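Could you build the full structure based on these sequences and the hints that come with them?
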Amino acid sequence: MLSEVSFLQKGTGKDLLFLHGYLSSKEAFTAQIDYFSRFYRVTAIDFLGFGKSAPLPTAYSVGDYAEWTAAVIRALGLQRPHVIAHSFGCRVAVKLASAEKDAFDKIVLTGAAGIILNRGFSYRLKVKAYRVCKRIAPRFAERKFGSEEYRTLSPLQKESYKKIVNEDLRVAARLVQNRTLIIQGKQDETTPLRAAQIYLESFPCAKLRLMDGAHFAFVENPLTFNLITEEFLYE
-6 MLSEVSFLQK
4 GTGKDLLFLH
14 GYLSSKEAFT
24 AQIDYFSRFY
34 RVTAIDFLGF
44 GKSAPLPTAY
54 SVGDYAEWTA
64 AVIRALGLQR
74 PHVIAHSFGC
84 RVAVKLASAE
94 KDAFDKIVLT
104 GAAGIILNRG
114 FSYRLKVKAY
124 RVCKRIAPRF
134 AERKFGSEEY
144 RTLSPLQKES
154 YKKIVNEDLR
164 VAARLVQNRT
174 LIIQGKQDET
184 TPLRAAQIYL
194 ESFPCAKLRL
204 MDGAHFAFVE
214 NPLTFNLITE
224 EFLYE
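Take the sequence shown: its position 106, counting from 1, is numbered 99 in our numbering, and each next residue is one higher.
Don't take each hint at face value.
To be verified - With a Cα cut of at most 27 Å, we get these calculated DSSO-like pairs of lysine-lysine:
#	residue 1	residue 2
1	K7	K200
2	K200	K94
3	K3	K45
4	K45	K155
5	K179	K99
6	K200	K99
7	K94	K3
8	K156	K45
9	K45	K151
10	K94	K7
11	K99	K3
12	K7	K99
13	K179	K200
14	K7	K45
These are calculated hints, taken from the structure and not from any lab test.
These figures come from a predicted structure and were not determined experimentally.
So, in structure tokens, the structure goes:
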């Protein structure tokens, strides 16, 4: 199991786990790892298909990643860790916490992906045009309509990506009993404030804090993020 996982551990004390975003890696949390390893045994992992971990064996869904993460937690001997997750990592944290109530202690989400917002007429028109174009000229359709993120993926990752982004997690969020903190960058346009508010309304026990920064607010303003998180974990 652990032979396929790239992970970093630092410090001693209660376990604290970091889950990175899509197309990212554990190194995104460098400032947080250095800070929190003074108080916790910090563990940061690379998801399968990212960083230095092994490639995906199949087209994983969010549920598959959650099951894999649970297996990694057991293999590493982590004891009900706090978890700090970013973007895609939030999807995995929410999915796992909804299925296993003792998987985590407190949960911190930032740039939290997993909520599908209402899409307007222009989006629906674009989807219709893409489907027509894909039947006629599939390669052109992918170049023209696919996101930059999507175009960088391998065929297997593309199948996984479609499963991931088309799953809405507000029902799963209602099953999460953990105390949860949502930290939202005020300038985040990737996962906008409305998505954070829906999560806030869905979680039984959660609160929302705003801070300066965009989707990677924890990288842009690490000290602010760390202090907000530290206060929550010590409550």
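Status of each hint after checking the structure:
1. K7 with K200: Roughly 23 Å between the alpha carbons, so the hint for K7 and K200 holds.
2. K200 with K94: Status holds; Cα separation ~19 Å.
3. K3 with K45: holds (18 Å)
4. K45 with K155: holds (23 Å)
5. K179 with K99: Satisfied, since the Cα-Cα distance of roughly 23 Å is no more than 27 Å.
6. K200 with K99: Holds. K200 to K99 sits at ~12 Å (cutoff 27 Å).
7. K94 with K3: holds (26 Å)
8. K156 with K45: holds (23 Å)
9. K45 with K151: With Cα atoms ~19 Å apart, K45 and K151 stay inside 27 Å; holds.
10. K94 with K7: Between K94 and K7 the Cα gap is close to 18 Å, so the pair holds against 27 Å.
11. K99 with K3: This hinted pair holds, its Cα atoms lying about 19 Å apart.
12. K7 with K99: The hint holds at about 12 Å.
13. K179 with K200: With a Cα-Cα distance of about 15 Å, the restraint between K179 and K200 holds, given a limit of 27 Å.
14. K7 with K45: holds (25 Å)
In this structure, every one of the numbered hints holds.
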